[in-house]
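Put together the whole structure using the sequences plus the hints.
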Amino acid sequence: MSSPADTAGDWPSHAVLVEPVGSWHHSDVLVERDTELAALRAGAAATVRAGRVVLVSGEAGIGKTALVEAFLRDLPARSPVLQGGCQSLSTPPPLASMLEIAALAGGAFTAMVRAGADAPALARALLELLGARPRHVLVLEDMHWADDATLDVVRFVCRRIEDVRALVVLTYRDDELGAVHPLRVLLGDLARTRSTSRLALAPLSPAAVGPVTAWPISATCTGGPMAIRSS
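Here the numbering used here is used: the first residue of the sequence shown is -8, the next is one more, and so on.
Hints are computed from structural coordinates only; laboratory data are not their basis. Positions of the beta carbon are idealized from the N, C-alpha and C atoms, including for glycine. Among the hints, a few may not be true.
To be verified - Each pair of labels, with its calculated beta carbon distance range: (1) G169 to A99: 35 to 41 Å; (2) A102 to A170: 36 to 42 Å; (3) T26 to P84: 35 to 41 Å; (4) D109 to G179: 20 to 26 Å; (5) D154 to G179: 18 to 24 Å; (6) R40 to E167: 33 to 39 Å.
Put into structure tokens, the structure is as follows:
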């Protein structure tokens, strides 16, 4: 079995994706996310011993998805990935994010989702799925939009993640969490577990942004990658 140090070497050193002017597709210009990307790689490497949860937070457009995508691109081929997200809907259907996971997972879990299994049953099945193969990575994005049933599934899995050798990555907008937001309860629960770590993304600095843009950074630019692309 590989040691964490050996496993960490499977990931090249990169940072978050920022697209230069004139390119709206794939780019290798990566700035000011080395620390965060290293933390995700370390979390994945730690799963040789026990499961881990990484919470990635930041305002809209700060680069949460870009960071996660850069991390996933660098994963070794032997790491199975399950990726889904929550939707901004007035009345989100229960467990909608599990449909995306089911499309990738196959097998018994997919059959249960399609059959309309309830949250407790899906939570147990998802934990079993993550434990079936080592180095599983589960990504759920935009958890600030999660419905109650999805939060129940995620709470069950994350509180037992040390029982399986898998990494769970959850992203959310911390500036959209009011005092009584349902996600706050889950975050509070996870804060008390030793398997959970947090990554709060800060805006990019003018020094980092300047070299990849063709115009001066204005005083109103927040340094968010989304804002920079749209300026």
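Hint-by-hint comparison with the structure:
1. G169 to A99: 35 to 41 Å: holds (38 Å)
2. A102 to A170: 36 to 42 Å: holds (40 Å)
3. T26 to P84: 35 to 41 Å: The hinted range 35 to 41 Å holds for T26 and P84, with Cβ atoms some 37 Å apart.
4. D109 to G179: 20 to 26 Å: holds (24 Å)
5. D154 to G179: 18 to 24 Å: holds (21 Å)
6. R40 to E167: 33 to 39 Å: holds (34 Å)
The earlier numbered hints are all upheld by this structure, with none contradicted.
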